[in-house]
Amino acid sequence: HYTRVAREAYVLIGGKYPHPQTVVPGGVSTTIDASDLNEIMLRVVKYFDYGRKAVAIWNDICSFFYEVNPKYRDIGTRPANMIEPGQWDDPYAYDGGYANCDEWGRQRWAPPSVIVDGEVVTTSLQMVNAGVEEFVEHAFYEEWTGNGNGNENYKFPTDPAGNPLSPYHPWNKETIPKPTGTNWKEKYSWSTAPRWDRLAMETGAYSRIWGAAATGKAFTKGRFIESTGHSLKIHLPKAELPADEIEWKIPETWGAFERNRARAYCILYTAAIAYDNLLLAYDLLRKGGPDAKMSTPYKVPKDFRIGVGLWSAGRGYLTHHMTMEDQVIENYQILTPSTWMASPKDPFGNPGPYEEAVAATPLLENYEKPEDFKGIDVLRAIRSFDPCMPCTTHIHTDDRTISREVVTCACGAEGPHEH
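Heads up, the sequence shown is in this note's numbering, so the first residue is 1409 and it goes up one at a time.
Honestly, I wouldn't trust all of these hints.
Subject to a maximum C-alpha distance of 20 Å in a straight line, what follows is the list of computed SDA-like cross-link-like pairs (lysine to any residue) [claimed, not checked]:
1. LYS1710 - PRO1568
2. LYS1707 - ASP1734
3. LYS1707 - THR1430
4. LYS1629 - ASN1685
5. LYS1563 - THR1583
6. LYS1707 - PRO1433
Computed beta-carbon distance windows for the label pairs [as the list claims (entries may be wrong)]:
7. ASN1446 - GLU1773: 48 to 54 Å
8. GLY1757 - THR1636: 37 to 43 Å
9. TYR1740 - GLY1505: 19 to 25 Å
10. PRO1487 - ALA1626: 21 to 27 Å
11. GLU1655 - GLY1697: 34 to 40 Å
12. ILE1742 - LEU1607: 18 to 24 Å
13. LYS1563 - GLY1434: 27 to 33 Å
14. PRO1755 - ARG1791: 25 to 31 Å
15. LYS1695 - GLY1505: 23 to 29 Å
Worth flagging that the hints you see were computed from the coordinates, not collected in a lab. In this text, a Cβ means the ideal position worked out from N, Cα and C, and glycines have one as well.
Throw the hints in and build the complete structure from the sequences for me.
As structure tokens, this is what we get:
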């Protein structure tokens, strides 16, 4: 599989995959020469042809299903609300400081963005961070705010730049597990309910390419990427196939098939950025000097520090919030892509992205007998969000005695109910 090809390239720098062994504060401990870059290049260019194949397949799949039944567009639909911290820093812009993170964040090869109803509402990393809250009303955790003193006494009312923070912001969060029986009116999930400006957000490779397409030319970086404000053009160099231009257009309807299509295009988007950075690496290696170093010396400070890693994994938004004193970690919170999308309801009754998408999904599956029902449309909806989660997605059939289950409220439900 082609994931192996990418891992072969990665281990030349990381030592092994997963769990790289060469990462150190300030860089990596690896030394790189031209032969290493050549080995990486041989693998990166393979993705130009592979990506074109993936794009062609998903374009064909979408066209086929939409032609058979236009309602396939409605599987997994929800508002195009997405959050993306961005990825791939410009080393000449990046300084690691929170005060300047808006500026160096916008210099990333994949820019940060928050998309609401398909439109960019901010590209500020500080606003991306400050707008986040995590709720646990319907999760198996104890409420950490108040403690009898009221929410006004929470630890960090503002971020280091003075932007107001919620008591439910990750910097103020404490993880206090509280496992209970499943009750759909109360607690029913181990996922918290992250929200940005009280909105349920999704994230992924597609949020990255949407943000890059929608932010326009001012945020376009590199020789092979061109943003138009409504699409993203990827100028592919020659591999086994000739040079070409591939364009991903922001879709009118956002659902399961479009998530998968966008993810296919993101293979080419990522490959083009990797190729561009390899060309820069060749140039730095040729010139030598301090810019060609693989790491910068770093000492862990001894005074109190508050920090955040605003980053994006392959599956989307992934942040680490930490406080430390005298080189000892006091609190560490991680917010993952799966937490955003597997979110239960929030305190205001709003469903998470999976829940919202499933509720909007038409059942188009053809079956003759109730026991033949597979729930394929529901599975398509959920699996379109996050390729790391399919094995945790199940449909309940109760030994095939339930023909179809529709939960309208389930308040106080303790077990399976027939409706």
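Against the structure, the hints:
1. LYS1710 - PRO1568: 18 Å, holds
2. LYS1707 - ASP1734: 12 Å, holds
3. LYS1707 - THR1430: 17 Å, holds
4. LYS1629 - ASN1685: 11 Å, holds
5. LYS1563 - THR1583: Holds - the C-alpha atoms of THR1583 and LYS1563 are around 15 Å apart, at most 20 Å.
6. LYS1707 - PRO1433: 8 Å, holds
7. ASN1446 - GLU1773: 48 to 54 Å: 50 Å, holds
8. GLY1757 - THR1636: 37 to 43 Å: 38 Å, holds
9. TYR1740 - GLY1505: 19 to 25 Å: About 20 Å separates the Cβ atoms of TYR1740 and GLY1505, which means 19 to 25 Å holds.
10. PRO1487 - ALA1626: 21 to 27 Å: 25 Å, holds
11. GLU1655 - GLY1697: 34 to 40 Å: Check passed, 38 Å falls within 34 to 40 Å.
12. ILE1742 - LEU1607: 18 to 24 Å: With Cβ atoms ~21 Å apart, the hint holds.
13. LYS1563 - GLY1434: 27 to 33 Å: 29 Å, holds
14. PRO1755 - ARG1791: 25 to 31 Å: 28 Å, holds
15. LYS1695 - GLY1505: 23 to 29 Å: Given a distance of about 27 Å, which is inside 23 to 29 Å, the answer is holds.
Against the hints set out earlier in the document, no violation occurs for any number.
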